[in-house]
Amino acid sequence: MEKDFQIVITGASGFVAKNVRKHLSENNVKLISISRKNFKKFKNETKIVSRNYDEKNILPKIKNSYGLIHLVGIGKQSIKNNYNLINVDFTKKIINLSKKAKIKKIVYTSGLGVSKSNSLGYFISKYQAEKLIIKSNLDYTIFRPSYIVGKDDLFTKYLKKQIKKGEIQIPGSGNYSIQPIYINDVCEIISKSLTDKKFKKQTLDLVGSESISYQNYVKLFSRKTQTRIKKISLETAYHDAISKPQSEFGVDDLNLLIGDFKGDHKKLLNISKISFQSIRELLESRRLL
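Adding 7 to a residue's 1-based position in the sequence shown gives its number in our numbering.
Hints are computed from structural coordinates only; laboratory data are not their basis.
Treat the hints with caution; some may be incorrect.
[Unchecked claim] Derived pair list, reagent style DMTMM-like, types lysine to aspartate or glutamate, alpha-carbon separation capped at 25 Å:
{"id": "1", "residue 1": "K199", "residue 2": "E33"}
{"id": "2", "residue 1": "K138", "residue 2": "D96"}
{"id": "3", "residue 1": "K142", "residue 2": "D203"}
{"id": "4", "residue 1": "K48", "residue 2": "D160"}
{"id": "5", "residue 1": "K205", "residue 2": "E33"}
{"id": "6", "residue 1": "K171", "residue 2": "E291"}
{"id": "7", "residue 1": "K274", "residue 2": "E288"}
{"id": "8", "residue 1": "K142", "residue 2": "D271"}
{"id": "9", "residue 1": "K167", "residue 2": "D267"}
{"id": "10", "residue 1": "K164", "residue 2": "E174"}
{"id": "11", "residue 1": "K158", "residue 2": "D61"}
{"id": "12", "residue 1": "K29", "residue 2": "D159"}
{"id": "13", "residue 1": "K168", "residue 2": "E288"}
{"id": "14", "residue 1": "K50", "residue 2": "D61"}
{"id": "15", "residue 1": "K274", "residue 2": "D146"}
{"id": "16", "residue 1": "K44", "residue 2": "D160"}
{"id": "17", "residue 1": "K164", "residue 2": "D267"}
{"id": "18", "residue 1": "K106", "residue 2": "D146"}
{"id": "19", "residue 1": "K273", "residue 2": "E255"}
{"id": "20", "residue 1": "K204", "residue 2": "D192"}
{"id": "21", "residue 1": "K167", "residue 2": "E255"}
Produce the entire structure from the sequences given, and follow the hints as far as they go.
Structure (structure tokens):
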């Protein structure tokens, strides 16, 4: 990419954003990165810390950028932040900001399992955000990610924390499957989606090539650590999620986990033309620990 090619990234302090920013920076892309929280700046990057994404402050700095990667979202509600506020209303704000700044392309991360037929609040809010982007008249690529894994993602940090305690709990049978994708692959795909015409106005499942049961994922992740693996009933897991604010799993975390959602990896492979990291090989190499 050319040196004067400028991209805006929202949610810059998050796990995916940090890795995407690093990848783009190393490829000499100029970045305008925005977050509510302070974060470390990379080369070729302008940092904006703004709790309310103040338009007067942000708009002059992002004008005429080529694209915007929208990575703000929540997977767990609270009194202060609910799904509609963050996933829908804030996305509407980012679309309006993009139009005023004459940005040509928006890349958005939604969620695997999002569809018009899903009845859960998280999925409904993500679907509504997708529709706002599709109707915006901007060029777009919408990704629906499964678990994006790397050394510092929330899922991996949770498992490492459980290993330190000596026990990993599996809600229910553990036979439901997940389709994780490695963060380095995600960075390469998002980077390609900015300019590759094959990604134009596409909605794609952002998933790895292998489905693996949650139980087997945990076993491979914790191999050689002598960690006890304990199954707990779904009733217990949901009760804790509802009644204990500090529970490891939220209600929607459990819904996502046991939803057994399958993504279309073949379509992603055909469009991206990248060589995907095998998740099983990644786990067996212990590079996530």
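For the pair supplied as a hint, K171 and E291, is the alpha-carbon distance within the 25 Å limit? Holds. K171 to E291 sits at ~19 Å (cutoff 25 Å).
With the threshold set at 25 Å, check whether the alpha-carbon distance from K164 to D267 stays at or below it. holds, 22 Å
Is it true that the CA of K29 sits at most 25 Å from the CA of D159? holds, 14 Å
Run the distance test for K48 versus D160: straight-line Cα separation, threshold 25 Å. holds, 19 Å
K167 and D267 were given as a pair; does the straight-line alpha-carbon distance stay at or below 25 Å? With Cα atoms ~23 Å apart, K167 and D267 stay inside 25 Å; holds.
For K44 and D160, compute the direct alpha-carbon distance and say whether it is at most 25 Å. Roughly 17 Å between the alpha carbons, so the hint for K44 and D160 holds.
Pair hint outcome, K168 versus E288 [Cα-Cα no greater than 25 Å]: Holds: K168 and E288 sit about 22 Å apart, inside 25 Å.
Taken at face value, is the distance from the CA of D192 to the CA of K204 at most 25 Å? Cα-Cα ~19 Å, so holds.
For the pair we were handed, K205 and E33, check the Cα-Cα distance against 25 Å. Since the Cα atoms of K205 and E33 sit roughly 24 Å apart, the hinted pair holds (cutoff 25 Å).
Given the proposed pairing of K164 with E174, does the C-alpha separation stay at or below 25 Å? Satisfied, since the Cα-Cα distance of roughly 14 Å is no more than 25 Å.
Is K273 within 25 Å of E255, Cα to Cα? violated, 33 Å
Would you check the hint for K106 and D146, treating anything up to 25 Å between C-alpha atoms as holding? At roughly 11 Å apart (the allowed maximum being 25 Å), D146 and K106 satisfy the hint.
In this structure, the hints that do not hold are numbers 11 and 19, in rising order.
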